[in-house]
Amino acid sequence: MSYSQRESPILGTLCERLVQDQYGELAARVFSIFARYGRQTLAALTRASYLNGRQIKHGLVVLIQQHLIFHSSADPRATSYEVDWAQAYALVRYGKISVLVENRMGKEAANVVSNLLSLGHTRVADLKEAYFPSHKASAANGEANGLANGAVAGPKANGVKLNGTTPKTNGAVEIPSELDDAKLAVATLTNGDAPTENGTANGTPEMNGNKKRPISEATKSNGIESKEAKTSQEAQMVDGANEIKSVDDLERVLERLIDRGWVVQVDETHYLSPGDAHILAREQVMDESYQGSLPSGTKAKEMMNQQILERKREIRDDALKKPHFVASKRAAPDNSPPQANKRTKLNNGETAIAIPGMVPAQPTSQSQDRIVLRVNLEKVAVAMRTDALVRLVEQRLGHVTAECYKIMLYHLERHIPRCWDELEGEIVPFNADLTDPRFRTTSQNVAKKLDRKIDVFEGLDPATVVKEVGRNSKVDSKNRVHPPLHPHKISLDIKAKIVDKHINMLAEDPLRFVTWVSRNGVNEWTVQFDEISKAFVQAEIEKTIEARKGPLGVKLVRALKKKGKLDERQTSIAMMMSATEIRGVVNDLAVQGYVQTQEIPKVDRREAKLTMIYTWYDIQRAREKLLHDTYKGMVRILQRLEFESKQRETLLRKAERSDVVGNETKWLSKFELEKLKEWRDIEEKLLLQLEREDEVVAVVRDFVRPMLSI
Amino acid sequence: MASAIRDGEPTTAEERANNLYQKGSEAPQGTIFFQRDLHNMQVAESLADLLNLIGILVGQHLFKPMTFENEPCWEVRSRDEADKLRRLTPDERLLYHHIEQVGSEGVWSKALRNRTNVTQQVMNKCLKNLESKELVQSVMSVKFPNRKMYLLKHLIPSEDIAGGPWQSDGEFDAPLIEIVTSLIHQYVEKETSVHVPGDWNDWVAHDRAAAIAKKRTQVQVSDIEDTPLPSYRPPRSRSHFVPRADPRYPTIQSIRKFIVDSNIIRERKVRDEDIEQLLDVMVLEGRLEKMKGKSYRTPPGTKNTDSFNGFVDAPCGTCPVFDQCMDEGPISARTCVYFGEWLGTESDVIHRVVSF
Ligand code: SF4
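First to last, the sequence lines map onto chains Z and G. The opening residue of the first sequence carries number 1 in this note's numbering; numbering runs sequentially from there. The opening residue of the second sequence carries number 711 in this note's numbering; numbering runs sequentially from there.
I should point out that these hints are in silico values taken from the structure, not numbers from a laboratory. Misleading hints may appear alongside valid ones.
25 Å max Cα-Cα, derived PhoX-like pairs, lysine-lysine [said to hold, decoys possible]:
#: 1; chain 1: G; residue 1: LYS1004; chain 2: Z; residue 2: LYS561
#: 2; chain 1: Z; residue 1: LYS534; chain 2: G; residue 2: LYS1002
#: 3; chain 1: Z; residue 1: LYS449; chain 2: Z; residue 2: LYS467
#: 4; chain 1: Z; residue 1: LYS453; chain 2: Z; residue 2: LYS489
#: 5; chain 1: Z; residue 1: LYS609; chain 2: G; residue 2: LYS858
#: 6; chain 1: Z; residue 1: LYS562; chain 2: G; residue 2: LYS1002
Covered stretches of chain Z (chain G as the covering partner; in silico rule of three or more C-beta atoms under 8 Å from a C-beta of chain G) [what the hints assert, rightly or not]:
#: 7; region: 396 to 406
#: 8; region: 476 to 487
#: 9; region: 538 to 552
Predicted, not measured: the structure shown is a model, and the values here were computed from it. Ideal placement from N, C-alpha and C gives every residue a C-beta, glycine not left out.
Hey, can you work out the whole structure from these sequences and the hints?
Next comes the structure, spelled out in structure tokens:
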């Protein structure tokens, strides 16, 4: 089974809460049935639930819209539905995703991404419409939209999408026909509610509202209303700086997002669960190469498995191909001039991207409008890996070295679609291909892009600095430089040399943050992510153990990792400590599931004295345990958040009232304001912690493939 | 035989035996002689004579009889040792033989009794005598901490029972280990990193601000509005260690030399393996990092001890009742005292129904 689809009950609980927070009670209830019972047909779903058919269909449509549920009609009798765990968990990352994009590509891009996230799958036309509502409205939106009075507000943008009636190959969202009635109904429902909630909406692009919170809502009443409440709150957060000003702007931003792999085209295969995708690939392979029947013989079967895997890869990569998407009018060059050159260099099948000046046939704006887009979660993990690595380097080697590393990683990251490939045939690490220039960078490059305010001398041995920049300075016995050297008055060449020293520290490090590759006598660098990511998983486990059991626990785990399975005496020798000192930690960590123990009686009686106790450490097991524990920790945080908000229900209700929002000082008493501030602090603390727990999840789950157990 | 005839001196068996012993002890200590080796020494007159001579020497404990792959062989004992042995009681001698056989591995007293079948009292008495005569020694086993192992006095107990220089009486010598490891740490730190003060390159103060201040005092002008803005300088870090520009990464050998030269371990020999054992542990403890080619450095950066990761920094991550905590019920997020403390809020009080 696909790695990402191996859910555990605790993940189910976590995702159910996330769904509830984002999409309300109804969607959460439907979701929870899938989480508990697994793959279901509509009929089975209805049987398993107290909800009536209409409610279920509504819930289901919302879930499908947000890609939280896979569906497959492979069996013509009944469509099956199944949770997309990766997407469901990713709800907790939505806030983070726009921050990641903002740091790399600016506020406009972040804004578009955050809207794509809140809308789910979106047709380009609908996105345009949401930003720049045309008051004629109906051209793109089909007849059902007659009910809506123009797609002005956020919730209505949802409605618009649901009503897409374009054929399935390019339709906005592919929803099984058995849910057709619900589609309409949901649309009506949403639209019907909208006017009351959006009285303040005024046709300006509210979509520019920028979500900063990890879970983009501060309030939690239940049901669908909370969604509206949230969106109207967003409307208050319009920020002029990140506004998309024209359709051209939007297209330009989309083009960049697609080019860098943050946004991908939705393909019908994306609706298939990994299991269904497997069946599809299997059938195709069987039909094409084996006349529709299973081959006999282990060799032939093995061969077929390889072919299936390959086919799955093809299907996936086809779907991820960059669509013919070209901003209709080229805007002034964006802030990354080398981009144009780089693109011309690509020759590896990424055919469909814009090459300035030599676009053969401009796709018509209409066909372009029909493309359905979504945010690519695999890319998100790549970006989170970059950030995590930069944090690690900052802690080990200092701020400036970390900044240099960040520039290198940002550069490499653009061309990395995912952290590891589940569909890789044999287990070959996904490492940067050393011969591919896109995965290399030079110190000149880094020096050029480094923020000019940064003091590049910081974090280096003063002797190095004096040697490179020298002039008349000397290092004294206390390692002070006299006279001091000014870091901002050096040539780019010198700066590159200094940067090279930082990069050298990265390369020297036992964790091998960068790897040297030389070409034409120029020092070039690349990053071998797999090895670092493994070390990263280990480091995260060690930090957990250190917090719980102190340095002794870490020492034990490292000793076991190095030496394998040990009995008490061997453990004591490996750690150079008496066995009695170690015993307690072994027990505690065994109970917590981070080390494994095994008792082997030396005689056939079971006596403590005559029993050998072996202890060992299995990184994959510890990794899964930590992941599981972290999920649980996240659930507890959300539960506490709910509890804390319930404690303040009356106050929060009042503060959420539309006449109060924005006019708090006018309507709330001093005491209430104080309490409200207190609540915001609590909420922020909890949500921040949630985000940090998600970072642990990213490290232990997303950066590197499952590791072989010993 | 040949030799006796050649020497032309008729000798007594005693003298010949003495001769044989002499030749045997010329070989390096611990050499094992087979019959043909002794025969080749050309001391005995005939094979029968040779066996006779060997018999005499064994009787005087000057030769120690052994077998190697079912072939009889002998080893030479010192006269001293032989003297002592001659004065032993039969029981003592029996025990001595068994102890001798195990060499530096030592033998556990209980195993010794099983093999020799003497009573506990006799054994205790004999072993005591043997120890007081400085023929055998006893050490506590490292492998089985409550076993007393016996071996010959002049032997150095094997690693297996005595451990290396870092152990004494079967226990790791924690104070000694601490002293040596901190010395190593200092040494490696000095070789691989430099300590840099926070203001190591004080470019704003000296480059501009100081110069300006100086100039101002000279010119006697103190018009604040004229003061140019100092250029931006990011906040200075505190003093810290950075990797050396020209690191001399110490190796096992150089560290051993450093420790031997420092003279802190006098009684015992410190081998490369012993140092490596210590270095391995220091790596486990995160005090050293292994570089390429078996060299070492001290880890750069400062260790943050109040923040670990997102999970354990939250109350649940280190919660003692984590596994008992449920979605609802007496131990849950809403009743949690740890969360209450962490957030500074009140938790639900559970009113339990007393049902017993
Ligand atoms: S909620 Fe409280 S009791 Fe439960 S695991 Fe977390 S800290 Fe422990």
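Going down the list of hints, with the structure as the test:
1. Only pairs whose Cα atoms come within 25 Å are accepted, and LYS1004(G) paired with LYS561(Z) is accepted, the gap being roughly 19 Å.
2. For the hint linking LYS534(Z) to LYS1002(G), the alpha-carbon distance of about 19 Å falls within 25 Å, and the restraint holds.
3. Annotation: proposed proximity of LYS449(Z) to LYS467(Z) holds, straight-line Cα distance about 24 Å (limit 25 Å).
4. The suggested pairing of LYS453(Z) with LYS489(Z) holds, with an alpha-carbon distance near 11 Å, which does not exceed 25 Å.
5. Taking the CA atoms of LYS609(Z) and LYS858(G), the gap is near 18 Å; set against the 25 Å cutoff, the hint holds.
6. Taking the CA atoms of LYS562(Z) and LYS1002(G), the gap is about 17 Å. The hint holds against a cut of 25 Å.
7. Requiring three or more residues with a Cβ within less than 8 Å of a Cβ of chain G, the coverage given for the region 396 to 406 of chain Z holds, as 4 such residues are present.
8. Counting residues of the region 476 to 487 of chain Z whose CB lies closer than 8 Å to any CB of chain G gives 9, which reaches the minimum of 3, so the coverage claim holds.
9. Chain G is given as covering the region 538 to 552 of chain Z, and this holds because 7 residues of the stretch bring a CB closer than 8 Å to a CB of that chain, at least three being needed.
Of the numbered hints given earlier, the model fails none.
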